[in-house]
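Chemist: Each chain, written out:
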Amino acid sequence: MLWLAEPPLGHKLNKAKTHLWDDSMKDIDYTAPRTLAEAAALLNDKGDRARILAGGTDIIVQLREHRRDLDLLVDVKNIAEVNELTFDPARGLRIGAAVPCYRIYENKDIAKAYPGLIDAVSLVGGVQIQSRASVGGNLCNASPAADTTPMLIALEATCHIAGPQGPRQLPVETFCTAPGRTALERGELLVSIDLPAPKPHSGAHYLRFIPRNEMDIAVVGAGASVVLDDKKQKCLAARIGVGAVAPTPLLVPDAGAALVDGALSDALIDKAVQAARAAAKPISDMRGTAEYRKHLVGVLVKRAVQGAIHRAREK
Amino acid sequence: MIDSGAVGRWVSAPGAYDIVTGKARYCPDLDFPGMLIGKLLYSPHARACIRRLDVTAARMIPGVIAVLTHADIPGENSYLYAEPDQPLLVVDEVRFQGDAVAAVAAIDEQTADAALRAIDVEYQALDGIFDPLAAMQAGAGQVVAGKDNIMMHKTYRTGDVAAALASAHVIVENTYRTQWAEHAFLETEGGVGLVDADGGVTVYSSCQAPHRDRMQIARALGLPESRVRVITPYIGGAFGGKDEAHVQIHAALLAHAARRPVRLIRGRRESILTHVKRHPFIVHCITAATRDGRLLAVKARAIVDAGPYSNATHEVLNKFGEFIGGPYTVKNLEIEKIAVRTNNPITGAFRGFGAPQAAFVYESQMDDLARKLGMDPLEIRLLNGVDTGTRMYTGVVVREGKAMKASLRRAAEMMGWQQRGELGRQPATHLRRGWGMATILKGSGMGRGLPDHAAVLLEMHRDGSVVLQSGAADMGQGIVTVLAQLAAESLGVEMSSVHVVRADTAQAPDAGASCASRQVMVSGNAVLRAAVPIRDSLLQVAAEKTGVARDRLVLHGGRLHVDGQAHDLTVAELARRALFRGYPLQSEGRYELEYPADAPEVTYRYSQEVFQFCTQIAQVLVDCETGQVAVERLVAVHDAGKMINPGGVYGQIEGGVAQGIGYALTEELRVTEGHTLNASLENYVIPMALDIPELEMDVLEMPEPLGAPLGAKGIAESPIIPTAPAIRNAILDAIGRPLYQLPMTAERVLSALDAAPCADPA
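Protein chains in written order, with the working numbering: chain A, 51 to 365; chain B, 122 to 883.
Calculated directly from the structure, the hints in this document are not laboratory data. Misleading hints may appear alongside valid ones.
Stretch by stretch, here's where chain A covers chain B in the computed footprint (C-beta under 8 Å, at least three residues) [as the list claims (entries may be wrong)]:
hint, stretch
1, 595-601
2, 808-814
3, 854-868
Each residue gets a CB set at the ideal place from its N, CA and C atoms; glycine is no exception.
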């Protein structure tokens, strides 16, 4: 949202767009299909003149502010598959693309199994937004600063996609391709996001930096997940996802790899921090300079990793 | 005074239920048969010459009823209440992003948008002048042709600053920078214009000064003021941002042209881009003191970026200079005040009129001075503080100033200032805790030499109910509540018996603007005066009916009391009898702010003489890795004189502190080449509930001896003033590094730390 909303400082303003300051929306068609096939057909037919409506917390604002121009909104909330929210301790978690945030954090089993995910979903907007906004929508909006995406990346989520060519799957870290752009092809829609079952001695944590204490867009976000050995002194596997430091949320494989290189220590965590800083390619905008973001990503990765280890050891 | 228990009690504001249930109607809620939607066209350039302006196509669109350019304004195209130098619609040159080029009225929003798009404007973009320091240089070019870029340049001197500096033991010299800040009122500006059958115009206006709006609307329409009526519906906040009339004039122009009702409401983005902002200041300040911490001299030079038009720039700089010495005894002072025209956003009134910027400077200087001298910040303030009878550098003698030191002591006690070290200064490796204070004064009223009066009409009906007509705009600050309390108290009726009509220029006399914390004093006193003849009539009838001497009779709670005992006669019965006998039950009350006749000559022009004193102490936690500052505790001790409505007073303190925390830490309009980049509440970061600690408040009641009803002083502005410097000083205490720029964003705090590890706690 950040990248779409505002040109970075020093960027040449698109002055023609500053001409009209109204908040009015043009008339737009709305349809609410009941099957994935119907939805895919409508999207295929209209191409980029149509877009999915789930919670609407991004798309309606974008339309109102003339940041998107559409002819058709396809409301997917009548389609069973995108409303599915199921957790099986052996198979993992399936989050239907239109499931709003509150359904996730109000489910006690899910909250216990995926505290890192809960960190992220409870930071999206405020309570009112969380009652509408979906994790799938957050992902499809493809903001570099999306709060849930770095955590999904750290938790090794898989995207299930439906479309005219049949279903396919993508690792979540490849789903966003540029600010506001995803890997979805014409006619395709996101159906669900699947997370593997939490492994023994695992822990995850997401945090972000914002200039105030609530309801804001991440200046930087960082999610970490770790799997510890039986003695909880070594890290067997780790994944680090970061947000708002590149055109898309990033998986930082080097940061994860750094953590599985011996007994856990501050020095080891610092290697992960250095890897995350090296991977970050932030821009300067009014929320922070590139230099500050680069500094912050180090601080947040350190804290996210510490938090994830703490949770793994608490279990 | 007769006590009916209304004054000094926590009362519910009249209309509170309607406001919280959504029944109260604000400008955007108003609807009239045949009403049109008005919109304004703005330039995409911060500065441009208009080569061609053709509205023919827009006028041809079905549903477009009126399209106006400067050529269609029947009266004066220049507006602003003090110095009318801003065009309602641009003639040939756009001078800032908020200059309107054309106005349209159409049957709905979409048609109005279509009309705006159909207006053909050819702009020739011009190089703008955006740096106030560069604009002051010779050869910078002129922002407004024929006018010097230096809009104002005044110096005030008292004492011998040079000699004082030469004899000083310690000198602190710093340069401060403050930002453009946004009022962020809940309701954006708006107005609804209506045309009467006989050509008169009525405007519902979201404003602070209905009678002044009337003057400006009449001037633009070329009508006598008698043909223009301004009514204030409910208003969703103003904070100085609606002191000046803007779009309500355009709404009137469009209604007048279309001969139909026109509603013109600014969108949030439009509002942020167009209305005045708090002036950004660059202040160089030298403060000198003796070895034992006594202030010797203050020398300051302030440069403000005014934008292209005057708005309240003169007033803001006047108040800045009046308060730059702080609530301290300063014998030698020099303040140079410079306002510069640029093509940046316009700037004007905002809660405190320059006093918040001054306080950020003088209270930061005090802590820097205390550190240099190794003194406690509380001690140096108590040592230099003014008191009742102190003659200040403005020439004003403080009539009631005990609250200066009393608020310092009380705030220190509430915070546990002397024991503050006992709580951990380093609760975690990366965290540092600190404490900082700021104490300020702010005047109430327009200032000596400026018109400062109000009148009201008060009438009791035969059933004992009371109607009060006041021209004082209530923007949510609660003047209606206070006036209802005062009317109830002085007529001996319940507050529920008093109906205060929202300001309407056709019914109420002029009360002046709701600004400068003045309405409680001026309109409040006007109500007390208006009540006198009505009360006399009631008591006259009561004395005649009971045969008891008048001095034994009291009206209270809607009933007559004889020797303190409730009597059978109600106020309603007395009203009925008074009217039957022809005794007057209606009255005008008028009050002009008083100044003591025997006071020494004031040397600083337009000085205020009624002072709100207050002290705030902040406890902050600084994250040394991110630079983020959390305000953990905030103590606010304010002097409001006598509190008429304690709920209103505490509400003003809470709101002011919240706004002050935003001003201190996050709020800043980012302006590049005259364009505001963060013109939305998504990117202009105001504090949320979680950013405000549970405030610890106390109110000292030091009654004002002169010119205030029952000793009340007003409280609207002072709460925002000390917050930013208190937080600044707490950060200094926490990390040992001073900041000289607002807001103190995490990134700026981190730069102050030089990205180095925090110093060990002192």
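Chemist: The structure should be examined with respect to each hint, and the outcome stated for every one.
Modeler: Status of the hints after comparison with the structure:
As drawn, the stretch 595-601 of chain B meets chain A at 0 residues by the rule of a beta-carbon pair under 8 Å; below three, the given contact is violated. Only residues whose beta carbon comes within less than 8 Å of a beta carbon in chain A count, and the stretch 808-814 of chain B has 5; three or more means the coverage holds. For the stretch 854-868 of chain B, the proposed coverage by chain A is satisfied: 3 residues have a C-beta within less than 8 Å of a C-beta in that chain, meeting the threshold of three.
Violated hints amount to a single one, hint 1; each of the other numbered hints is respected by the structure.
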